[in-house]
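Produce the entire structure from the sequences given, and follow the hints as far as they go.
Residue numbers (the working numbering), protein chains in the order written: chain L, 1 to 298; chain F, 1 to 337.
Because the hints were derived from the structure by calculation, they are not lab data.
Only pairs whose alpha carbons sit at most 30 Å apart, straight line, appear in this in silico DSS-like list of lysine-lysine:
#	chain 1	residue 1	chain 2	residue 2
1	F	199	F	140
2	L	187	F	7
3	F	175	L	187
4	F	86	L	187
5	F	40	F	12
6	F	136	F	175
7	L	187	F	25
8	F	85	F	18
9	F	93	L	187
10	F	128	F	91
11	F	140	F	200
12	F	85	L	187
13	F	85	F	7
14	L	187	F	18
15	L	187	F	91
16	F	93	F	12
17	F	85	F	175
18	L	187	F	12
19	F	12	F	274
20	F	93	F	40
21	F	12	F	85
22	F	85	F	130
One letter stands for each residue in the lines below.
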Amino acid sequence: MAETTVNVSTEEKKRVNPQMENFKNVWRKLRQNYLAMAGGILIVLFMIIAIIGPWITTGDPLAPNVADRLEGPSSQYWFGTDHHGRDIFTRIIHGMSITLYIGFLSVFVGMIFGVVFGIVSGYYGGRIDAVIMRTMDVLLAFPGILLALGIVAVLGGSINNVIIAISIFSIPVFARIVRGSTLSVRKLEYVDAVRALGASDFRIIFRHILPNIMSPIIVQATLRIATAVLTASGLSFLGLGAQPPTPEWGAMLAAGRNYMWEHPHIALFPGLAIVLVVLAFNLFGDGVRDALDPKLKS
Amino acid sequence: MTTDILKVRNLKQYFPIKGGILGRKVNDVKAVDDISFEVKEGETLSIVGESGCGKSTTGRAILRLDEPTEGEVDFQGQDLLALSKKDMRRKRKDLQIIFQDPYASINPRQTVRQILSEAMEIQDVLPKDKREARIKELMKTVGLGEHQIDRFPHEFSGGQRQRIGIARALSVDPKMIICDESVSALDVSIQAQVLNLLKKLQRDYNLTYLFISHDLGVVRHISDRVLVMYLGKIVEIADKKSLFDNPKHPYTKTLLSAIPVPDPTKKKEQIVLKGDVPSPIDPPTGCRFHTRCPFATDKCVEEDPELRNNDSLMQDGHRAACHYIEEIESGEMKPNY
Numbered sequence: 001m002a003e004t005t006v007n008v009s010t011e012e013k014k015r016v017n018p019q020m021e022n023f024k025n026v027w028r029k030l031r032q033n034y035l036a037m038a039g040g041i042l043i044v045l046f047m048i049i050a051i052i053g054p055w056i057t058t059g060d061p062l063a064p065n066v067a068d069r070l071e072g073p074s075s076q077y078w079f080g081t082d083h084h085g086r087d088i089f090t091r092i093i094h095g096m097s098i099t100l101y102i103g104f105l106s107v108f109v110g111m112i113f114g115v116v117f118g119i120v121s122g123y124y125g126g127r128i129d130a131v132i133m134r135t136m137d138v139l140l141a142f143p144g145i146l147l148a149l150g151i152v153a154v155l156g157g158s159i160n161n162v163i164i165a166i167s168i169f170s171i172p173v174f175a176r177i178v179r180g181s182t183l184s185v186r187k188l189e190y191v192d193a194v195r196a197l198g199a200s201d202f203r204i205i206f207r208h209i210l211p212n213i214m215s216p217i218i219v220q221a222t223l224r225i226a227t228a229v230l231t232a233s234g235l236s237f238l239g240l241g242a243q244p245p246t247p248e249w250g251a252m253l254a255a256g257r258n259y260m261w262e263h264p265h266i267a268l269f270p271g272l273a274i275v276l277v278v279l280a281f282n283l284f285g286d287g288v289r290d291a292l293d294p295k296l297k298s
Numbered sequence: 001m002t003t004d005i006l007k008v009r010n011l012k013q014y015f016p017i018k019g020g021i022l023g024r025k026v027n028d029v030k031a032v033d034d035i036s037f038e039v040k041e042g043e044t045l046s047i048v049g050e051s052g053c054g055k056s057t058t059g060r061a062i063l064r065l066d067e068p069t070e071g072e073v074d075f076q077g078q079d080l081l082a083l084s085k086k087d088m089r090r091k092r093k094d095l096q097i098i099f100q101d102p103y104a105s106i107n108p109r110q111t112v113r114q115i116l117s118e119a120m121e122i123q124d125v126l127p128k129d130k131r132e133a134r135i136k137e138l139m140k141t142v143g144l145g146e147h148q149i150d151r152f153p154h155e156f157s158g159g160q161r162q163r164i165g166i167a168r169a170l171s172v173d174p175k176m177i178i179c180d181e182s183v184s185a186l187d188v189s190i191q192a193q194v195l196n197l198l199k200k201l202q203r204d205y206n207l208t209y210l211f212i213s214h215d216l217g218v219v220r221h222i223s224d225r226v227l228v229m230y231l232g233k234i235v236e237i238a239d240k241k242s243l244f245d246n247p248k249h250p251y252t253k254t255l256l257s258a259i260p261v262p263d264p265t266k267k268k269e270q271i272v273l274k275g276d277v278p279s280p281i282d283p284p285t286g287c288r289f290h291t292r293c294p295f296a297t298d299k300c301v302e303e304d305p306e307l308r309n310n311d312s313l314m315q316d317g318h319r320a321a322c323h324y325i326e327e328i329e330s331g332e333m334k335p336n337y
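If you want it as structure tokens, here you go:
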């Protein structure tokens, strides 16, 4: 019988790691998308501001200065001052870190729980799936802000409780996406192959399923940060989040509301800051989605 | 006398169909319905049948990739279906599978080294420092080059990928391998190579194969015994020679008549069945083949035939599930096409 060997060219081809290649592709597509890049650059800028901003601004964001109350934008106070005479520019710079902190942390926590619930649900199916997903449906049935409002109302108003509330209302979104992706990946033949080798569920889930469903998770996380920022500001605006005198943008907006007609700059600048951050994350998130998975585009 | 390495008893695999608002079970797809057979150590038993007859499901059920509804799968004296999840994981070392689609059955993100070392890690074969040498040896065994160890699946052809799949199955030193349409997705020339490789490995490692295929040519090449399935039931089982030369079940005869004969001058009677395969959701009563069988009678509609042997007509171990083996053989019953 003929020996079965395969002729192999001894010449080494260019080594290609599919993961690296994939990453490069995504990066290339992202770079071609100017709006997404603009969003991305803004996000980096915001993060730099959040980190070094408090050190380069001279004023104290909390110190009142009664002499300079309600002043309009000037060379001394770029964004003017509020009803306590505090520099709005300084307060917005200081608020950046709070906003990003809430945005990132709440989405991160929501993502972790959502991914775990989603994978467990999709992988095991059956009764566990039914229980988890029906719970998620209940959470999804509430309008986002209302759910967050309810949770904060129960826990009390503070930045940490806002993070908890937003995490909870982010969970079902992630859980659903992850469950769907898990269902499709679980049926792949190589998952069966690893199972036939005797791999534990833990190994299958983390080594073979999770890496394959990262794209939708990353996309959702990026887009979700915008929602989280908006919701956090909303809660603070309603007086349920960060408490005065914390320089939180939503709270500042709420304070500025009383002076809307005479001194619109007090509400205008925090509002603009919120818009910019949300816009940046949305643009970037859309770009990431298009680059990672064009099929998700709706 | 060789021993049976695998004994399947009354295996049933029903997939529930859920419906209605409450998602209650409405019916079952009876993919595999009460089959029993044995596989002898060191042999190749092929399961043939058309699409949807339950041959792949049987393989998956034996491996518990889908949990069977009922039955017993006795492997090396242990009922696999009674094992705990943990014990089953350990047992999988001895019972491996090679899949049909070499493009789907290996993780595109792993290199050959990662694929094979993960398999060894899972079953804890060999100490860590000896694994690399073993991987290279395995690659050589299946006809891959050592220098390809850090390559990703997309750098290989379909045939080479299937070799990776074979190496993965071999890496845990199994006793038995289920080949689920393992060569069907390959080009004919590659098919022959892979089949010969499988045969060689069988000799070298004393492997037992359960070879699932719809390709009778391939089955004829590799098997010792053949089992024919139709609609979730075994219709005939025999050693290769008896089955191909002396088929007793009308369905087997039909299947065999479909093999092309490479001789244009030879006139050949081809039996063409009427209708389609009935749905396994509501399979026909009695003999499942009666709706399409040219010999069917009222008895076939009512009574489910047992697998049986007739000493004077059939070799030892050759069994067919037909009420009228003798009558058809003697020409007493005429086909009603």
